[in-house]
Amino acid sequence: MKNRLKVLRAERDWSQQDLADRLEVSRQSVNAIETGKYDPSLPLAFRIAELFDMRIEEIFLRG
Amino acid sequence: MAEKTKNVGKGFSGRQPGFWAAAFALAMCAIAFAEHRGLLGGWRSLPFVAAATLFLFPLTKAANNRQAAAGALSPATRRYNRRMLIWSLGYVLCLGIAMTVRNYLHPQGALLWGIAVLPSVPMIFFVWTLARYVVEEEDEYLRYRQTSAALIGLALVLLAGTLWGFLETFGVAPHVPAWWVVPVWAIGLGLGQMVMTSAERRTGRT
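If you read the protein sequences in the order shown, they are chains A and B. Numbering-wise, the first sequence is residues 1 to 63 according to our numbering. Numbering-wise, the second sequence is residues 1001 to 1206 according to our numbering.
There's no promise every hint is true.
Claimed, not checked - A few chain B residues facing chain A, derived, Cβ under 10 angstroms: (1) 1067; (2) 1070; (3) 1071; (4) 1072; (5) 1073; (6) 1074; (7) 1138; (8) 1139; (9) 1142; (10) 1144; (11) 1145; (12) 1200.
The hints are simulated quantities; they were obtained by calculation from the structure and are not laboratory data. Small disclaimer: the values here were computed from a predicted structure and weren't measured. Glycine is no exception: its CB is placed at the ideal position from the N, C-alpha and C atoms.
Chain B with its partners taken away, still in its complex shape:
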């Protein structure tokens, strides 16, 4: 059963999740731009990426508050939000370790393979988190809502990946590393939530 609304923050701490998601996205875009201009790159970007990751804390808190206000914060949802936060931090940590080891130790062979695989490990737990949510969520409508949002995220990954792949094949677009599927999927998941909320508002709810 969903938890009742309580202590929905006001002012700075009570901002909408979209604000913190946008702040996180803008920070990452600024880092990418700085890397493109040669101001940052490799391990030098890590402190900035770590700082940008801090936006995920208020984002998670704002998401919890918003879901509570909408009468949609179940215990399973709270666990899902917490696990996603933990593994997002894990992703940044693994990425940082891998890049640091590569830049300072210049590994070869098995160690190089190991650190190349390391940033992918948290992805296993992202998928596990989503699977656990579907299993643990007792509220069938919330489960339907989250599953629909995840499918929208998957659709965006498939469409964007296929489109960009062909653009690359025909030589009209630059190469983009395959690990971009993670941020694209995360954006799709967020868009999916917005689509579901918009559909609810059209039927005179929320």
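Isolated chain A, as found in the complex:
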């Protein structure tokens, strides 16, 4: 699943570690999600959406 995490992070000038700290996950998790290697669970997807104040489908894209 594609996502806009890297772009959203860059817009806020956050490093992967910054985002990881805000989500309370490992930097490796952020990396895995950003690169599409791992799709987050629904609870984590909601946390990401809440952090960026967006809807889940605005961050995670089909295909």
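Here the structure of chain A is known, so what remains is to put chain B in place on it, guided by the hints.
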């Protein structure tokens, strides 16, 4: 949440976990070879096995450092590494006690059964350690990663065990004691971690 990178060692103390794992494996292979040649055997091997086990200390430290550098050292991972180290030492200790009692006391009956079972006891705690990690790990990606590595280790045990079992049945391979499942599983766990890391690098990470 994973701990941030801190004080990743350089030089001798900063070597990769693979170096210490290889050193441990080589030492054990050398002991096995010496036993095969009749130079060691039984309780005489124990001091050498105990010395080789010391490699597990820098291995655990190097694993912690590497995981911290990769942004993947969660508190649960640290506990997992520590417990694995403790029970690896416990395994060597139980094995040493069992072999010493057998060689010096020549027990029979219930005591013989007891010391035969003793080296298997730490295995219960290996499994418990893995189960506790899955329960305690709050980072879902790290949990997925470790679970995948454990499944690769299990796959290796099943494949190697089945293959060797049939080779033995058809008389083309010598008998291998069933306790070899532990080192084979440990090797599989390490290979699983390498497979996961390799997959991550292919997607342009780490």
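Status of the hints after comparison with the structure:
no., hint, in the structure
1, 1067, "holds (9 angstroms)"
2, 1070, "holds (6 angstroms)"
3, 1071, "holds (3 angstroms)"
4, 1072, "holds (4 angstroms)"
5, 1073, "holds (8 angstroms)"
6, 1074, "holds (6 angstroms)"
7, 1138, "holds (8 angstroms)"
8, 1139, "holds (5 angstroms)"
9, 1142, "holds (6 angstroms)"
10, 1144, "holds (7 angstroms)"
11, 1145, "holds (8 angstroms)"
12, 1200, "holds (6 angstroms)"
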